[in-house]
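Enquirer: Those protein sequence lines, which keep their order, are chains A and B.
Residue 1 is where the first sequence starts when you use the working numbering, and the numbers rise one by one after that.
Residue 1 is where the second sequence starts when you use the working numbering, and the numbers rise one by one after that.
Please note that a few of the clues may not be correct.
With a straight-line cut-off of 20 Å between C-alpha atoms, the simulated SDA-like cross-links for lysine to any residue are [what the hints assert, rightly or not]:
(1) Lys207(B) / Met174(B)
(2) Lys38(B) / His125(A)
(3) Lys207(B) / Ala233(B)
(4) Lys38(B) / Leu193(A)
(5) Lys38(B) / Arg23(A)
Because the hints were derived from the structure by calculation, they are not lab data.
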Amino acid sequence: MADLVIVDYGAGNLRSVARAVARAGVEAQISADPHTVEGARALILPGVGAAADTMRNLRERGLDGSIRDYIASGRPFLGVCMGMQALFDVSEEEGEHPCLGVFAGRIVRFPRGMTVPHMGWNTVHLREPHPVFEGIPQDSYFYFVHSYYAAPADPAVVVGETDYLGVRFPSAVGRDNVLATQFHPEKSGPWGLRLYDNFVRLARERGSIAPVAAAR
Amino acid sequence: MLTKRIIPCFDVDRGRVVKGVSFVDLRDAGDPVELARKHDQDGADELVFLDITASSSERESVYEVIQRTADQVFIPLTVGGGVRATGDVRRMLEAGADKVSINTAAFERPELITEGARGFGSQCIVVAIDVRRVAPGRWDVFTYGGRTGTGRDAVEWAREAEERGAGELLVTSMDTDGHQEGYDLPLLRAMREAVHLPLIASGGAGKPEHLYDALVEGGADAVLAASIFHFGAYTVPDLKRYLESRGVAVRPVEPTAP
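If we strip away everything but chain B, and leave its shape as in the complex, we get (with noise of 0.2 Å):
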């Protein structure tokens, strides 16, 4: 049975990660990298590593990031931020990651999922959104990390983004996201009514609960999460065993490597 997964995500400021986690056995908790195989050691079933870096000057840090991190980690990993253009998802994709996430770069300039697509192939092209409420039942998309109102009904974007050839749609809720009381369930179900991609819900894990309503209340495939994950609040195991003892399907945290 296909089983549900746990995709710890984390910021990565000119190759640094920004909001540490706590493990306590990790040399360094600033290295991405040792950040990475820590949580495949404890069964993350992928990886998401967001690039926040600002400078220009200093975006080259990430794919040195990426190739290390592909080195060691035997697990699919997302990358996102500052994706501009194709030449971008190439570097990306060349330098280890397995799919890259597109957000305002997707929402201004649509051709370029497809494009995406054509060029590396529908499942390595992650759709991302990030999106507020505006009215019960209606949300819209915002860009430029949520910074910039576009009007833009967001349930009509996913379409959109599904049939230009999206691989995966990655749904973030501006209003949840931080708060730690839970992922938006309305915009989830909207969702998985409107798409038949892979959903991965994002913005507002606090509680194991709040993964358990995400993917079966709100029918999302996978669910992101960072902030449950600091300051070492709950591990991937932890949260593997809670969803496992209410039935969801998840793959078991496998032995070290043999």
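The following block holds chain A by itself, in its conformation from the complex (with noise of 0.2 Å):
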């Protein structure tokens, strides 16, 4: 069984995500194996660039599937960017683009008029305390980019918020083993390796993620 297992269906990101991980100790392993994506012990899902050409490759290696079992096996899954958009049910962006459907609700874009995409350092209010955020301060800085963001249809999968010229959109979200970020933990800074620290740290010593109150 492969450690941690960074899902690679040619998503931009992904040699950076690498990095930071390695910044926390470990070598990940890079693939595109449906086997190996289910049988890993930690996932991260990364991604930048369009939710169609995301879903369509993630579907043309058959990865779609294999995210979805690794998830509902409970083992620590972190999604980054549009890896955390692509666990909704539709994207809007360009369209009507079905994604994976872990979290109910739709990914839709930021209002005409506004400066798109929302690009820089903004912060993340969380509203209760959550382990992969573990000795990040309260409205800590991370480095986002992204014209379109969640609209879940359960606001308890909320993990963080943040405002972007009055619209306030989740900016971290997850349920159990799940923690998804809109912003970039690989390209904020300390906090952002700090994020990865955690979640590698939690993932091998508890092989959860999972705060523990939600977890009882």
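Mind assembling these two chains? They're in different frames, but the hints should get you there.
Expert: So, in structure tokens, the structure goes:
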């Protein structure tokens, strides 16, 4: 069984994520093989770019099913940017694209007239403490670049929120073994590296990243 | 709240920084990676490398520099200079750049913007525009490092770049560049009104007030600066403290990596 696997479906930020994980002391296995993905002990789904391409690439490689099965197994999962958006039911990016459906809800665009992408450093306000954010102060800055954001059907999945020109959107979502961020921890300096560090450590120590209360 | 960004930029020739920044504690101020690390520690929000290597046989050096930087620096890195085709974009991204800045090639073949955005995502396609003022309220695009006038209205070209899928605009005024007397504010305001893309102001920073003016009066989302850092005149923390004191939201300089 592979230790920590980063899903390879051609996403542009794959190497950056691998580099950040390496800083946390883990040599990640980068894999496009559905069996390896499904059998990982910890899994990261990276991503930049368009929803349609992401979903097509995942399906062509047979990875959509294995990611769903992996998540159902209860082992630790981290999604980043497009790797977060892909977890929802549908993305409205350039049409209507069915995604993985791990979380109920849609991916919607910032209103016309706003400067998009939302690009740069913005704060993440946690609704309650989350182990993957351990040691990271409330309202710390992370690096964002995206034009769409998640509108979850169940507000309980919102872990952290961010305000962009009056639009308050979920910048971190999670449930049980899943945490996913709209921002790029691998581009967010010390606090971003700390997030990967936490993920790796929790996955190793407990085999779980779920908040203790939720895990009970 | 989304903060305004300060982006140090350095020219890199055959793998070496050309106009050195005299940080006293750097072992090798000519090494782009050392400089990048220093600026990262100082709280720079992003970094830009402009590769000015002229000889094509030595152009490989830039990929090695990108790779070494990406191994050590965990903030966004934009690389520009000599990008002619999507193959160049791909190689820079694969080496570890987060965004690629395209200037002359985008102007001469605007489809390159669309191809880059489709292939790699808009977020990594920065369209760089060098301009000169030709009349009050009118600026023309210049290509080939500002040497070739095109006669094309810069604001109009910015609009086209947005429509074609650019993710960000980097606008340099050739009139103010290098003079350290401030950014071209009317230019920034004109660009700000014309496009809904993040706008990086470039050319003219000499004092902290200049950054404030570009961000507040000009409406830029980010300021690119090079010579303001030369000879240790100002550091990123100096500039951030100044901006903060005037009510501009900036990312605080974080403590060293935990």
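Enquirer: Return the numbers of the hints above that this structure violates; sort them in rising order.
Expert: 2
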